[in-house]
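Just need the whole structure built from these sequences, with the hints factored in.
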Amino acid sequence: MSLEKPVPDAPDEVGVTEDGLDYDALEELVSEHVIDRESHVNAEALVIRPDAVQDTLSALKEEAGFDHCSAVTAQEYEDRYESIYHLKKFDDPTQQLSVVVPANKDEPVSESAESVYRTADWHEREAYDLVGIEYDDHPDLRRILLPETWQGHPMGKDYNQNQPQVVPLREHVNPLAEDHSAGEDSDTMFVNIGPHHPATHGVLHVKTVLDGEQIADIDPDIGYLHRNEEQMCEQSTYRHQIMPYPDRWDYTPGGILNEWAYARAAESMADIEVPEYAQVLRTMSAELTRIAAHMLALGTFGLDVYGDFNAIFMYAVRDREAVQNILEDLTGQRLMFNYFRLGGVSWDVPEPREEFFEKIREFLDGLPEYIEEYHNLITENEIFQLRCIDTGILPPEVAKNYGATGPVLRGSGVDYDLRRDDPYGYYDELDWNVVTEDGCDNYSRVLVRMREVEESAKIIRQCVDLLEDWPEDDREIQANVPRTLRPEADKEVYEAVEGAKGELGIYMRSDGTDKPARFKIRSPCFSNLQTLPEMSEGEYIPDMVASLGSLDIVLGEVDR
Amino acid sequence: MSSEQTPQGDGTGGKSTQEARMGEGVDDRFNSKLRDAFGTSPFILTKFDKFMNWVRGSSMFMLQFGIACCSIEMMHTYSVKHDLDRFHAGVPRASPRQADVIIIPGTIVSKFAPRMKRIYDQMPEPKFVIGMGSCTISGGPFQEGYNVIKGAEEVIPIDIHVPGCPPRPEALIYGVAKLQERIAHGETAPVTVKPYELEEFGDLERDELVQHLADQINEDDLVMRYDWTEQP
Numbered sequence: 001m002s003l004e005k006p007v008p009d010a011p012d013e014v015g016v017t018e019d020g021l022d023y024d025a026l027e028e029l030v031s032e033h034v035i036d037r038e039s040h041v042n043a044e045a046l047v048i049r050p051d052a053v054q055d056t057l058s059a060l061k062e063e064a065g066f067d068h069c070s071a072v073t074a075q076e077y078e079d080r081y082e083s084i085y086h087l088k089k090f091d092d093p094t095q096q097l098s099v100v101v102p103a104n105k106d107e108p109v110s111e112s113a114e115s116v117y118r119t120a121d122w123h124e125r126e127a128y129d130l131v132g133i134e135y136d137d138h139p140d141l142r143r144i145l146l147p148e149t150w151q152g153h154p155m156g157k158d159y160n161q162n163q164p165q166v167v168p169l170r171e172h173v174n175p176l177a178e179d180h181s182a183g184e185d186s187d188t189m190f191v192n193i194g195p196h197h198p199a200t201h202g203v204l205h206v207k208t209v210l211d212g213e214q215i216a217d218i219d220p221d222i223g224y225l226h227r228n229e230e231q232m233c234e235q236s237t238y239r240h241q242i243m244p245y246p247d248r249w250d251y252t253p254g255g256i257l258n259e260w261a262y263a264r265a266a267e268s269m270a271d272i273e274v275p276e277y278a279q280v281l282r283t284m285s286a287e288l289t290r291i292a293a294h295m296l297a298l299g300t301f302g303l304d305v306y307g308d309f310n311a312i313f314m315y316a317v318r319d320r321e322a323v324q325n326i327l328e329d330l331t332g333q334r335l336m337f338n339y340f341r342l343g344g345v346s347w348d349v350p351e352p353r354e355e356f357f358e359k360i361r362e363f364l365d366g367l368p369e370y371i372e373e374y375h376n377l378i379t380e381n382e383i384f385q386l387r388c389i390d391t392g393i394l395p396p397e398v399a400k401n402y403g404a405t406g407p408v409l410r411g412s413g414v415d416y417d418l419r420r421d422d423p424y425g426y427y428d429e430l431d432w433n434v435v436t437e438d439g440c441d442n443y444s445r446v447l448v449r450m451r452e453v454e455e456s457a458k459i460i461r462q463c464v465d466l467l468e469d470w471p472e473d474d475r476e477i478q479a480n481v482p483r484t485l486r487p488e489a490d491k492e493v494y495e496a497v498e499g500a501k502g503e504l505g506i507y508m509r510s511d512g513t514d515k516p517a518r519f520k521i522r523s524p525c526f527s528n529l530q531t532l533p534e535m536s537e538g539e540y541i542p543d544m545v546a547s548l549g550s551l552d553i554v555l556g557e558v559d560r
Numbered sequence: 001m002s003s004e005q006t007p008q009g010d011g012t013g014g015k016s017t018q019e020a021r022m023g024e025g026v027d028d029r030f031n032s033k034l035r036d037a038f039g040t041s042p043f044i045l046t047k048f049d050k051f052m053n054w055v056r057g058s059s060m061f062m063l064q065f066g067i068a069c070c071s072i073e074m075m076h077t078y079s080v081k082h083d084l085d086r087f088h089a090g091v092p093r094a095s096p097r098q099a100d101v102i103i104i105p106g107t108i109v110s111k112f113a114p115r116m117k118r119i120y121d122q123m124p125e126p127k128f129v130i131g132m133g134s135c136t137i138s139g140g141p142f143q144e145g146y147n148v149i150k151g152a153e154e155v156i157p158i159d160i161h162v163p164g165c166p167p168r169p170e171a172l173i174y175g176v177a178k179l180q181e182r183i184a185h186g187e188t189a190p191v192t193v194k195p196y197e198l199e200e201f202g203d204l205e206r207d208e209l210v211q212h213l214a215d216q217i218n219e220d221d222l223v224m225r226y227d228w229t230e231q232p
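As you go down the protein sequences, you meet chains A and B in turn.
For the first sequence, position 258 matches number 258 in UniProt numbering, and the numbering has no gaps at all.
For the second sequence, position 200 matches number 200 in UniProt numbering, and the numbering has no gaps at all.
These are computed hints drawn from the structure, not numbers from a lab.
Keep in mind the model is a prediction, meaning the values are calculated, not measured.
Note that CB positions come from ideal geometry on N, CA and C, so glycine has one too.
A few of these clues could be false.
To be verified - Below, a list of computed lysine-lysine pairs in the DSS-like style, where the Cα atoms sit at most 25 Å apart:
1) B/Lys150 to B/Lys81
2) B/Lys127 to B/Lys47
3) A/Lys359 to B/Lys81
4) B/Lys178 to B/Lys47
5) B/Lys127 to B/Lys117
6) B/Lys117 to A/Lys207
7) B/Lys50 to A/Lys157
8) A/Lys105 to A/Lys61
9) B/Lys50 to B/Lys150
Unchecked claim - Ranges between beta-carbon positions, derived for each pair:
10) A/Gly512 to B/Glu144: 18 to 28 Å
11) B/Asp121 to A/Gln214: 31 to 41 Å
12) B/Tyr174 to A/Met314: 44 to 54 Å
13) B/Glu181 to A/Glu537: 46 to 56 Å
14) A/Arg80 to B/Asp121: 43 to 53 Å
15) A/Met314 to B/Ala177: 19 to 29 Å
16) A/Asn480 to B/Glu181: 32 to 42 Å
17) A/Pro423 to B/Pro124: 35 to 45 Å
18) A/Ala479 to B/Gln211: 54 to 64 Å
19) B/Pro124 to A/Gln54: 50 to 60 Å
20) A/Asp474 to B/Arg118: 55 to 65 Å
21) B/Thr46 to A/Glu380: 53 to 63 Å
Take a look at the structure:
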């Protein structure tokens, strides 16, 4: 079966048993630091002392095999602050563990995990920025999403949103000022790329220090599209109000995939069973958006590598239009679908059904020819190969350490896809393959996306067949979900799905009301973008632009 | 040019291409239908301003400027199928110095507002602004957030608002066409000094925080506000 993952010879990882994780053994492993134990919906959580974070996490990483730190969630309670490290294994993401680090209310300080998981760098900076927890031993603890001059921590409890934020003009001095950061007579030059730049895919700001044409130092500066989506979700009700926001995280459009992330977390929290027919509809629509998202990635990568508004971009847009037409028929919107509901989807496929299925089939039939066209235009092009093969190298171990997921990780040869490894929806019933490439370079990442489009097409075709033959009186599109959803207080859940860019996870904590007390988005692009310095330091500046393109970041999702 | 010098074409019955095109009789190429409409005079009398406005509206150079979700639909508007080029507005320029229309496609947040202002300032006069989507009108779905500027008009003056979240490409094209109409009539948004513009520190209510900041800033230094909750 194609869906079977090659069995890793995981020998002696602590806590691994035949039927899931043995949390007692894990607690035993780090028992000297554990002060309590909590039970989250997705996994058990160990509460540890705030000065033993590095010891605990490195023990869990080295001896228990938790090599993936998916996210760091910070939050403020009435009596304490808390950082939660959501740990997983790349070999088997169903094996999860949360490590909860409480911190003092008056002086929230806890040890940084950056030396264990490189990815914690940005995640902890975000926690510091928005919630206000300070991390000891962090290499570079400063604001990441908000301006340097921001007063207060907006996700904290005592933040007053109406206070004026005032900034002296000298904070915005001309960015073309001379750079003497490396000494008065250095040869390096400081260049700002972005936040308005055609190659940054939106409003990313890359601070680069150039030595000749090579990059000596690079620092991606994000936050130019920080739309406080987490706050928005915390102000909205579970049942209906949150669902439109996910569409606006990854708007390429990965909308339905994002909706699924929220739907999965909320359904897991409120224990909602989704009817099978709705799962097929979800799977089909999600894969359609994946095609559209990958097409955009391909088209804009063409922009980065070849130049302005060229043929590749137009071809990609042509195919996206076809997908968007189908999705518009299904959901009523071109970009912001708002198609999922908790417990199902908003409506069935449009009537007449045959016509709709015919439209999808027509698109799928045309696809191989289009993909052939792309290969002729792009991947077989010598200039393209010169620019992409062996540039932007991201070795698998580095990628894992940074928490990179999705096509970026699979382009580095790591076989990790949540659709298969942590199955949801209807994926485990269908026949498809996880695509990996071993090149670790820009070329592999592009190739992975192109091949994933073919796999998505395979999934859609199977879904269409299933939907067509589905008995008419069994077409249940929504489970019976209460009008107002009030999960019990203090339920905590972290669930992730495979979005267009990688692992898109949602952490939610309920407080007994109809709105989440904490809503945290684990965005794949946020972690993927962290790898940019690894890929481009020492390389030429055009290679950096190609690497940035091949990471396929969406700033709406990076900044949230 | 005489016919001896030109090579003899096959399909034109011994005539040169030029002769074939000119047809029989007096050359009437200068007597176009438009010319007929104007009467006998081969001149159009118009005001220079009016002519310039017509030219401006008919040849717009857009700034290639993507912010958020709306920029995806904006890209679709520029590309095949919708093809904004049909409306004389399809040449996106990467540099603000070469552009005369800026489409603002997305949410403006505190960190980006000064950058957008800088880009707007870099564009040569006359310049026009199209606000695309609800976020540029009011902050849209993110209006209640701590970090979102409640409408792009807090930062730069806007000529045309295109509502929607996001607007369809057709809607954006309609907005562009409306802007062209306005330009042709010589109307633009008045360039006013918007609240983003630098203001003296003393305008703010002197609460504790402002006082704290005021102590750090020297009197002549100008300040910028990020937060506009008290603005109408």
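Open item on the list: Is 35 to 45 Å respected by the C-beta to C-beta distance linking proline 423 of chain A and proline 124 of chain B?
Closed with: Violated, since proline 423 of chain A and proline 124 of chain B (Cβ atoms, about 57 Å apart) do not stay within the stated range.
Open item on the list: Run the distance test for lysine 178 of chain B versus lysine 47 of chain B: straight-line Cα separation, threshold 25 Å.
Closed with: With Cα atoms ~22 Å apart, lysine 178 of chain B and lysine 47 of chain B stay inside 25 Å; holds.
- [ ] For the pair we were handed, lysine 127 of chain B and lysine 47 of chain B, check the Cα-Cα distance against 25 Å.
- [x] 21 Å, holds
TODO: Note whether the CB distance of proline 124 of chain B and glutamine 54 of chain A lies within 50 to 60 Å or breaks it.
DONE: About 55 Å separates the Cβ atoms of proline 124 of chain B and glutamine 54 of chain A, which means 50 to 60 Å holds.
Task: Satisfaction of the hinted span 31 to 41 Å by the C-beta atoms belonging to aspartate 121 of chain B and glutamine 214 of chain A - done: 33 Å, holds
TODO: Decide if the proposed pair is consistent with the structure: lysine 50 of chain B and lysine 150 of chain B, CA atoms, cutoff 25 Å inclusive.
DONE: 36 Å, violated
Task: Beta-carbon spacing of arginine 80 of chain A to aspartate 121 of chain B - inside the hinted bounds 43 to 53 Å or not - done: 47 Å, holds
- [ ] Given the range 18 to 28 Å, decide if the beta-carbon distance of glycine 512 of chain A to glutamate 144 of chain B lies inside it.
- [x] Cβ of glycine 512 of chain A to Cβ of glutamate 144 of chain B: about 23 Å, so the range 18 to 28 Å holds.
Task: Hinted pair lysine 50 of chain B and lysine 157 of chain A, Cα distance within 25 Å - done: Distance of about 58 Å is beyond 25 Å: violated.
Task: Supplied distance hint 44 to 54 Å, evaluated on CB atoms of tyrosine 174 of chain B and methionine 314 of chain A - done: Since the Cβ atoms of tyrosine 174 of chain B and methionine 314 of chain A sit about 22 Å apart, the hinted range of 44 to 54 Å is violated.
- [ ] With respect to the beta-carbon atoms only, verify the hint that methionine 314 of chain A and alanine 177 of chain B lie 19 to 29 Å apart.
- [x] Since methionine 314 of chain A and alanine 177 of chain B have Cβ atoms about 22 Å apart, the given range 19 to 29 Å holds.
- [ ] Kindly confirm whether 53 to 63 Å is satisfied by the beta carbon distance between threonine 46 of chain B and glutamate 380 of chain A.
- [x] At roughly 55 Å between Cβ atoms, glutamate 380 of chain A and threonine 46 of chain B fall inside 53 to 63 Å, so the hint holds.
Of the hints listed earlier, those the structure fails to meet are numbers 1, 7, 8, 9, 12, 16 and 17, in rising order.
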